[in-house]
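Enquirer: Chain order of the listed sequences is U, Z and F. With the numbering used here, the residue at position 36 of the first sequence is 36, and numbering never jumps. With the numbering used here, the residue at position 303 of the second sequence is 303, and numbering never jumps. With the numbering used here, the residue at position 24 of the third sequence is 24, and numbering never jumps.
Some hints here could point you the wrong way.
[Said to hold, decoys possible] With a Cα cut of at most 25 Å, we get these calculated SDA-like pairs of lysine to any residue:
#1 F/Lys171 to U/Ala384
#2 F/Lys171 to U/Asp392
#3 U/Lys42 to U/Thr111
#4 F/Lys171 to U/Ser88
[As the list claims (entries may be wrong)] Here are some chain Z residues the structure puts well away from chain U; computed CB gaps all over 12 Å:
#5 Ile16
#6 Leu99
#7 Val236
FYI, nobody ran anything at the bench for these hints, they're computed from the structure. We treat Cβ as the ideally placed atom computed from N, Cα and C, and that holds for glycine.
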Amino acid sequence: MVRWGVHPDARKQAASPQDIERLPLPAMLHIPLLQHSGAPAKPVVSVGQHVLKGELLGARQGNISAPVHAPTSGTVVAISDYPAPHPSGLGVLSISLEPDGEDRWIELTETDPFSLTPAQIAERVAAAGVVGMGGATFPSSVKMLLGKRSQVHTLLVNGSECEPYLSCDDRLMRERAAKIVEGIRIVLHAVGATKALCGIENNKPAAIEAMRHAAADFAAIEVIALPTRYPMGSDRQLIHVLTGQEVPSDGRSADVGVLVHNVGTLYAIQQAVRFGRPLISRVVTVAGGAVARPRNLDVLIGTPARLLVEHCGGLREPPARLLMGGPMMGLQLPSLDAPIIKGSSGILALGAHEIAQEQPSPCIRCGQCVSACPMNLMPFEMSAHIRIGDLDAVQGIKDCISCGSCSYVCPAHIPLSHYFDYAKGELTARERGKMRQESIRQLTSARKERLEREAREKAEAAARRKAERERAKAATAKEATS
Amino acid sequence: MSHISHAPHAHAPTSISRVMWLVIAALVPATLFSIWLNGWPALLLWLVTVGSAVFAEFFCLRLAQRPAAPVLADGSAVLTGWLLALSLPAWAPWWIGALGAIFAVVVVKQVFGGLGQNLFNPAMAARVMLLIAFPVELTTWVQPAPLFSADALSLSQSFALTFLGQMPSSFAALSGATTLGHIKTELTRDISVTQALAAHGQSMSASLFGLHGGSLGETAALLLAAGGLALIALRVITWHIPLAVLAGVALPALLLHANDPARYLDVTTHLLSGGLILGAFFIATDPVTSPGSPRGQLIFGFSVGLLTWLIRTYGGYPEAVAFAVILMNALTPVIDRYVRPRIYGHASKAASKKGAAS
Amino acid sequence: MIAIISLTALGVALGLGLGLAARFLRVEQDDGLASEIEAMLPGSQCGQCGFPGCGPAAAALASGSAPVTLCPPGGSALVRQLADKLGVKAQTSGMKESVPMLAVVEEALCIGCTKCFRVCPTDAIVGAPKQIHNVLREACTGCGKCVDVCPTMAVSMMPMPVTLQSWVWHKPAPAVAPAVAA
Ligand code: SF4
Ligand code: SF4
Ligand code: SF4
Ligand code: SF4
């Protein structure tokens, strides 16, 4: 039985009946080189260069990284900082691409995915820049390799889409179920798993139907209707509900023999492995009370959010809040100029009546947050410690998945998950500070060594010269005397 | 910086004032019934107690130079006064209510730092204080004289009673003990529970409908239980504490009554008298002074119930709920410290300690 | 009421006991402490603390005559370590969290004299004679020594820029402050 979680008002009815629609080619794209967790990609094109659709713009660097590709053919007009789709509005190195309108692909060849070895599949997925599209944006190939190495037996397909408003995964499952199912089979093949469980919340009967139909011929794939409850789409919760197992606190899902992929990711994997198409577009839900006609759009990565909203009839009221992602975990956008990235599941413009605006009051210890927490934490106690700055006393901060269930139910409107993200940032900063100190100490001693070495070398050189001089002197003296 | 809002951007339709006012609303039917049952003095006492609580809160906020209106609107002072009023004898003099309410709000709540900071349940702490300081006033019960009935006091008589302490001479004969008080007294005179109960003329249906002597709100068990169940249905409170409290009383009562009916009261009488229902649904569930985790709440509730039974059976005070609640309030921080849910992905207690330390 | 009083009394008694214990059981500090502390300090001898170098600063810390917050390059991480080591309370909140600074070289002004390179205690500046010099962001402690020696004033200090990776959430504004009565 599921005891945790909350039941936010789903509000999906506006966008979910709308077919996926392709957004016309924008006049300019801004493609951030950091759209994933890990190291940013390194630009491999130069300003003024013409690129084809699907051509590599930024190469991955480091173990955990992902490349980015040109979403359409056109000219690179700038490689510079552009505001990231992030609450801070900080700039991130991005490639600005001016489309030439031809939308011409690089040469692609179709391959039978099942003729490839697991390593080849992983390499194709990596080269296509596929990352987790549910929002975590972890490079998918890394996850697959890890799964292969730890011999996972089950693939969990995350079609829960538990965030309110969003229906991009719902539409994807209804319209492209066969491709998702092929993606599932590709991953099963690549990691050597024998079973796939596809969990879909029971408020999406059409998606369940479509997926069941598409998977009918494959005994290894089972589609399961899940109770509708937030945060069902969180990896750890999904794993528990579908398999009854808990991922150890300091472990990964592979430790309990499972691998979780979102349906959007599986679609991208199928496209990458069968057709060699890199991840250059995604389905985005545009919704919220301030949006005139909510829709689901197929959008090129790098498209400014403003164009999506304009395509949906614009804003019918000044938005009280702009979000990328869902209302439970989404990030506030400072402006609609921010580009769509691989992890953007939705662009929401919420009206004043839709957002939480009440001022926090003192905690009444009602325990609602405890009952809601899917990780079984005690949020009210954690936030009390954080509030007074006692970060060491906070129990379970590392287990918090920042799902926001606690903040959602708190009658005192205490920004609990905000406290936890603050504490996590502060703890990471401390960790960084410690590492920095360590490296400074090393640098200092390295310098000391260098100086000593230089001094020694200098002294030796001087001694040598002196000896030579002496020898020379002695020689001339000898000559003179002889 | 602070203009950036952190997720979640949506919120459940709830707030502290909604919680408080819903609890108050759940008390209304039982309160109206009690007032009808006990006549005008009950209404006057209720007014004085609630009014004093609100006034005391206002005064404290003023003293701390904080805006009073938003805090008063959260309903917590009204609720404190209301619960206290319901736990007092209906015909107690006005100053008992006023003093108790002021004590509850000023000493038990605001001195600890206001809403959410208090260790003890304000209403119950006040009641215990009153019981210790003014035992006579707090244990004088009357046989109910419902409004508009022949025995009922007129409004002017009621004013005289509540505010001037003038008991109309015709009413002296009506004074009677509560069920539990009566049995307590009888037991000390070596009269068995069964005989005492029979002599008290107390029928079960009378208890259910509250047609017997008692404090304002201890009398309408059915209506109180209905209100409590409504709160559970509305998710204002959870079932853990009420059920555990009732079980804590019922289990020992069941066992020992079966063993020796002459010495030990039966379950039904236990459950229906002495404000147990009020305590289980409305007082022990006070969020501020009860543990936050479901398991902690079960332990807390069961202990309250057990203590209630113990005090009733072996202790000096028949009205035991208040003492039991206060005692367990003191243990709440301990319960919260040690009884916590097992964190997802942690094998055991030791593992969760490790997670905290790292 | 009795419970309140007894709890208060208990609290006071325990508090007193702890205080006394802390006073009498305090470990006698040995001379090793200073060197241990010195090992914790960055060791760049930058002098930002006002002492001639890390050694004297460590001695002052060990004798309790300097606050644990003295070392700017160490940052709040060091403050906490020192506080733990010395058994004092870290006053990080009171400490005006100095923003970490970073040296930058104005390329147009640099004449490649290598003076800055030679004074930098952490070899954070790279470059060769007659070439433009550059500061490595990861290695610079912000000590500012290079600023003083540059003949063309090409080096200046600026706050460490915040990037997407180092950005963190601010602390939420506290709830309406609980009333403090009497
Ligand atoms: S839900 Fe809010 S008020 Fe209730 S215990 Fe948690 S933090 Fe406190
Ligand atoms: S404490 Fe963390 S995991 Fe638990 S409900 Fe809050 S945000 Fe979610
Ligand atoms: S401020 Fe200058 S001298 Fe000091 S560490 Fe940085 S680069 Fe080196
Ligand atoms: S001291 Fe100034 S001029 Fe000389 S190398 Fe450094 S930055 Fe350039």
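Enquirer: Give a verdict on every hint.
Expert: Hint check:
no. : hint                 : in the structure
1   : F/Lys171 to U/Ala384 : holds, 13 Å
2   : F/Lys171 to U/Asp392 : holds, 16 Å
3   : U/Lys42 to U/Thr111  : violated, 28 Å
4   : F/Lys171 to U/Ser88  : holds, 14 Å
5   : Ile16                : violated, 5 Å
6   : Leu99                : holds, 26 Å
7   : Val236               : violated, 9 Å
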